[in-house]
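Using the hints, position chain B against chain A.
2 protein chains.
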Amino acid sequence: MERTEIQELGEFALISRLTKDLKKNSPSTLLGVGDDAAVIDPMGKKVVVTTDMLVEGVHFDLSYAPLKHLGYKAVIANLSDVCAMNAKPTQIVIGLGISNRFSVEALEELYGGIKTACELYKVDLVGGDTTTSPSGLTISITAIGLVDADAIVTRGGAKAGDLLVVTGDLGSAYMGLQILEREKEVFKEAPTAQPELTDHSYILERQLKPEARTDIIIELADLGIKPTSMIDISDGLASECFHLMAASGLGIRVYEEKLPIDPKTYDTAREFNLDPTVCMLSGGEDYELLFTVSQDDFEKMRNHPKLSIIGHMTEDAKEHIMVTKSGQDVELKAQGWDGLKG
Amino acid sequence: MERTEIQELGEFALISRLTKDLKKNSPSTLLGVGDDAAVIDPMGKKVVVTTDMLVEGVHFDLSYAPLKHLGYKAVIANLSDVCAMNAKPTQIVIGLGISNRFSVEALEELYGGIKTACELYKVDLVGGDTTTSPSGLTISITAIGLVDADAIVTRGGAKAGDLLVVTGDLGSAYMGLQILEREKEVFKEAPTAQPELTDHSYILERQLKPEARTDIIIELADLGIKPTSMIDISDGLASECFHLMAASGLGIRVYEEKLPIDPKTYDTAREFNLDPTVCMLSGGEDYELLFTVSQDDFEKMRNHPKLSIIGHMTEDAKEHIMVTKSGQDVELKAQGWDGLKG
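Chains as they are written, first to last, in the working numbering: chain A, 1 to 342; chain B, 1001 to 1342.
Heads up, none of these hints are tricks.
Straight-line distance between alpha carbons at most 25 angstroms, and here's what the computed BS3-like set of lysine-lysine pairs gives: (1) A:258 <-> A:333; (2) B:1209 <-> B:1023; (3) B:1159 <-> B:1226; (4) B:1020 <-> B:1122; (5) A:258 <-> A:318; (6) B:1068 <-> B:1023; (7) A:318 <-> B:1020; (8) B:1159 <-> B:1258; (9) A:122 <-> B:1045; (10) B:1325 <-> B:1258; (11) A:300 <-> A:226; (12) A:20 <-> B:1318; (13) B:1209 <-> B:1024; (14) A:306 <-> A:264; (15) A:45 <-> B:1122; (16) B:1333 <-> B:1318; (17) A:45 <-> B:1024; (18) A:45 <-> B:1045; (19) A:159 <-> A:258; (20) B:1045 <-> A:24; (21) B:1068 <-> B:1024.
Which stretches of chain A does chain B cover? Using the computed rule of at least three CB atoms under 8 angstroms from a CB of chain B, they are: (22) 32 to 39; (23) 51 to 57; (24) 81 to 88; (25) 136 to 145.
No wet-lab data here; the hints were simulated from the structure.
C-beta atoms are modelled at their ideal positions from N, C-alpha and C, and glycine is treated no differently.
Excised from the complex, chain A in its bound form (with noise of 0.2 angstroms):
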C-alpha cells in the first residue's frame, strides 16, 4: 500500500488532488470548488440548509467503518435532513479536520465514498476546508436543497388526527452495529478467526451504507400527497415522535404490531437478547422518514409497500402512548442506549 503524507502535497495541491474528478450532476450548480466561495441558483425555488458535525471517536469508530462506508453515510445523513423539509438535495460542502496518522490515500478513500454518494444523489461537491488536526478525523458537512414554497414541510403542522406514516423498515441499522461491535470483540480476543458478518448483508449494510429516501420525496409529489409535518429518523422512532408532538402541540398514538422491521433483523435482535420492538423505537441512523398526513390522504398511499401507517395524532399533547401486540397502552418512551441492553 502506497502511502503519500498529507504535508508533502500542502494545502492546495491536496484538495486539487480530492476534488480533481468531480463531475457536476444538479443544473442548479453555477459555480463548484475553486473560488471563495461556489453559486448555486436556486431555480425560483426556496433553499435548505442544514449541517452535521461528525467525530471520530463519538459518531464512528474506524477499526469497522472503512473510510469510503464513512463518506458516504456522513453525506447520507444530511441529505436524509434535507428530504425531512420534503426538499431535493442539490450540494454539498464540506469540512474536514485530519491528523497526520491520515495519509492521502486514506482521505482519497474517504473522498470516495462522498462522491459516490453525490454521483448517486445528483448532488455536487462545491465547497469545502481541509485542515490538520491535532487528534482524530472530524467531518462536518453542511447540504443544501432546493424546495417549492408551497412543498415546505416543517416538523410542525400536524393535525389532530392526521395518520403517522413512516418509511422502509428500522431498527435494522441499529442491530448491524450490534454485528459490528460483536466481531471487533471476537477480533480483539482472536484476531485469525473469520468474522461472521456474511449472513447479515442487509442488516450491516443498512449500518455501514444507509440510504436517504429522496424516492419518497418524489413519490409523494406524484401521489399529489403533501404531509402535513415530517422529520428523519436519526436518534430512533421515539425521539422523533417526541419532536413531532413538540412542534405541533398535539399527542401520539402508535401501535407496536404497525411498526415495520425485517425479518432478519427481528430474529438478530432476538439472537442479541434485545427488544425488537425497543431497537426499533430507539436504535437510530435508520435514515428513514416519519411524517403526518391528513386521514383524506389515507385512499392515496395505502398498500403503498414503502409506506407503514403506525399510529395518529392526538389532541391531548400530554398523550404518548404505545398500543402493544397485546392490546395494551403503555408509555412510548425513548431509551438511551445503554437502555437497549437486557
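What follows is chain B alone, placed relative to chain A:
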C-alpha cells in the same frame, strides 16, 4: 465563576440555551434553527456558499484569544469569503465539536461573539450541530450569501492592464499576533507582570476582532464599479495575488510604495525587527479585499479613502514582480510564517 457541565444539560437543552435569544436579522430567512433544516428565500438572487473549519491548536490559541473574540472572528472569516464573490452575507450555520474541558458558560461566551457578529452584519444563525469531541474545540462555519446574477465576481476574469486594488491596510493582524505571542512568553516567565497591550489597540483589534468588508461591496455598487476579479486576503497579499494570476492566466506587477500600512503597524514591525513590507505580503488574516478593475473605472475610485491601487495585471502569466521603493524589480514572493522572522 459559575460552571455548568455540558452533560448536565444534554444536547437539546444546550442548543436551546445557546440559541434562545436569536433575533431575525435578514428578511431572506424564512425558517431558522429548530427543524431538520433552515429555509431561505433567495429573493430572486443567486446563492453563494462557503465553509471554513477552525481547530484549536492549529488556527487559534485560547490562552490569548478569548472565546468571544474567537466566535466573532470565525464568523467574519466566512463573511469575508462571501464578500469576495461581490455578494451580501445573509445566513450562517455552525458545527461545534467541544471537549468536556468547556463549560456551558464558556460556550455562551463563544456564542456571544457569534451573535454579535451576526447582529452587526445583519446575518442570521439558522442552524448548527453541537457535539462532544475527545479533545479541544473545533468550529466549522458555513456562510450563505445572495448576489444578483450579473454582479457575481470570481477570482478569474481580470484582463491585462486591469488595476489591482486593495481595501484598508495590511499587515496589522499579523503584528497583532506577534504582540500577543510576546506577551504570552512574558506571562509564562513572570505571571505578575502587567501586559503591554494598551499602546497597540488598533493592531490587536485587527488580530482579535477583524471585520468583513461588506461596506466595500455596497460602495462599489454605489460607484458603479464591478471588479473584474476578486479574492479576500486570508493568507497574505502575495499568496492572494498568485490566486488571481492563476485564475486569469495573467502576470502581476505590484508597487511596494503603494502598499497600505498603518503607521503604528509599521513602527511595531520595526520594533520586532520585521520588514513591514514582508508583513503586508505574507502576514495574512487581514480579511481585506483584493480585486481588479478596468482602467476605465480609475476616475470613479481615485482618492477613495478605503481603496489603494497597488499595481496592475500584465500579459505575461509568468511575471510576478514587486517594484521596490528604490525602483528595482524583485520577485513577488509569499513567504511562510517562519520566513517572516529576522
